[in-house]
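From first to last, the protein sequence lines stand for chains A and B.
For the first sequence, the numbering used here assigns the number 13 to the initial residue and increments by one for each residue that follows.
For the second sequence, the numbering used here assigns the number -7 to the initial residue and increments by one for each residue that follows.
Wrong hints could be hidden among the right ones.
[Said to hold, decoys possible] With the Cβ distance kept under 7 Å, some of the chain A side facing chain B (calculated, not the full set):
1) 76
2) 78
3) 79
4) 82
5) 90
6) 93
7) 193
8) 196
9) 197
10) 204
11) 211
12) 214
13) 215
14) 217
[Unchecked claim] Just the calculated beta-carbon pair ranges, DEER-fashion:
15) A:147 <-> B:48: 25 to 35 Å
16) A:62 <-> B:52: 33 to 43 Å
17) B:60 <-> A:292: 43 to 53 Å
18) B:37 <-> A:271: 42 to 52 Å
19) B:58 <-> A:227: 19 to 29 Å
20) B:52 <-> A:174: 55 to 65 Å
21) A:226 <-> B:131: 33 to 43 Å
22) B:57 <-> A:102: 51 to 61 Å
23) A:59 <-> B:60: 41 to 51 Å
[Stated by the list, open to error] Anything over 10 Å on all C-beta distances counts as not near chain A; from chain B, calculated:
24) 67
25) 70
26) 128
Just so you know, these hints were derived from the structure itself, not from any lab.
Only a predicted model underlies this, so the values are computations on that prediction, with no experimental measurement involved.
No residue lacks a Cβ here, since even glycine has one placed at the ideal position from N, Cα and C.
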Amino acid sequence: MDLRRCLSFLLLAASLMLGGCASTGQVSLAEVRQFADASARLGGYGELSRRYRDTYEREQPYLSPAADRIAKENDARRQAVYDDFVSIQKTVVLYMQTLSVLAGDARYDLSDRIDDLGSGLKANAESGLQQRQITAYTSLSRLLTRVIASGYQNRSVETMVRDGDADVQVLLEAMIALTRLYAKTNDNEKKTVLGIFDVEIPFSTKTSDRMLVTLAKVHYLNKSTEYKLVDKRYDLALQGLTKVAQGHQKLRENIHNLQGDEVRKMLLTYARDLTKLRDALSD
Amino acid sequence: MASDEKTQQAAGKPAAAPASAPTAAPPPSPAEALSTAHQVEELGDKLSDCADSIHQRVMRDIRRRQGQDVPESEQAAARALLDAEMELRQRANRLYADAAACIVSSLGQPQQHLIQLTMDAADKIRRITRIGDGITLVARLLALAAAASTGQVVPILAAISALKMQVDIVAIDSAPAPPPAPSEPAASA
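Required output: the full structure, derived from the provided sequences and hints.
In structure tokens form, the structure reads like this:
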């Protein structure tokens, strides 16, 4: 492990020394870099994945014993797949960071990030991903390892996008589908939590219930505000992921014309939209 | 309807018998897995819709009371329905988890049928005249949701036919709605 890292460091050092000649052919593609940076920094998905994983923790106090039994099983299922869901995102983010490096003048090292990708997906019956996604994940990780460990030798934005697009699209599609399922799960959680109060508050009409009813109303208000804020985030995350997928597809379509004014303008628009979405998500 | 499928299933059995039992589905191809995930998600949506219908129905009665005391029996019925609603939401979330994890065995044939049926049930629940009528229907629905989560064809088919029967009974009950229940003088919906 250390040896490998050492080797990749040496390779990197060598490539930096050769950098002068290696990058003579490189053009700085500012708009590609901005798009890639904005895509890497989007956010939302990671936090919503965690929220999905922790669903049971939040809903447990509100559940009936019968519902609780099912909820516990659901919880185990969600816990089991969390790591894989996050691994997908890490790969896509590292891809975008690599793309950003290739689109700029500087060649900074991302090799520690390869280790961060971890030992790959659990990729067994329990892993929770379809074969197509596992294949895309593996092949993209391999591409990244190769590109980064070689110090980006013989690599350009063009070859990276060409080789990566299909896999990136599969993984983004998976992230979009998962975010949609997160949102639906959250919706049932919200209705479970708030639903009890809809029914029980009107039933509590005795004078002695007054304090309880007051507390319940305050709790209801807090919870419904909380869910209103969270609901928006699913929407923003979905919009962002869709934009990343579209932007990358455009990049692929215009791969031989990245210096064109139209293309540059378009990529800049994607980058700006993504930055706006990120700002909205970090509010 | 359901018995049709049952006989089809039974008829299909001897032909496929030497290779494998019909419940042990072969591992799905990527395209199949994707469509399965979609179908499972769709079924989850339908269960969520049913839960929404139950909630709407319960709230309709509560609103009609306009802050007056609700009789104990009606409160009990509302709570039973609320529990059912909650359980359905967990079943739906299970299907979402399965779709996400794609570890569900293919529901196969009954899928479309099942979706249609849950849609009918949701519609019925919304229109039930007396809240008490809803309880059996919802119980059948819960049984179906439980069966669906096993992914096994036979229990699903059994649950479908039980639910189907109940949906039909309620239809007969509530179609000639005019004869008012004597216990409910203010039941003018």
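Failing hints, ascending?
15, 24 and 25
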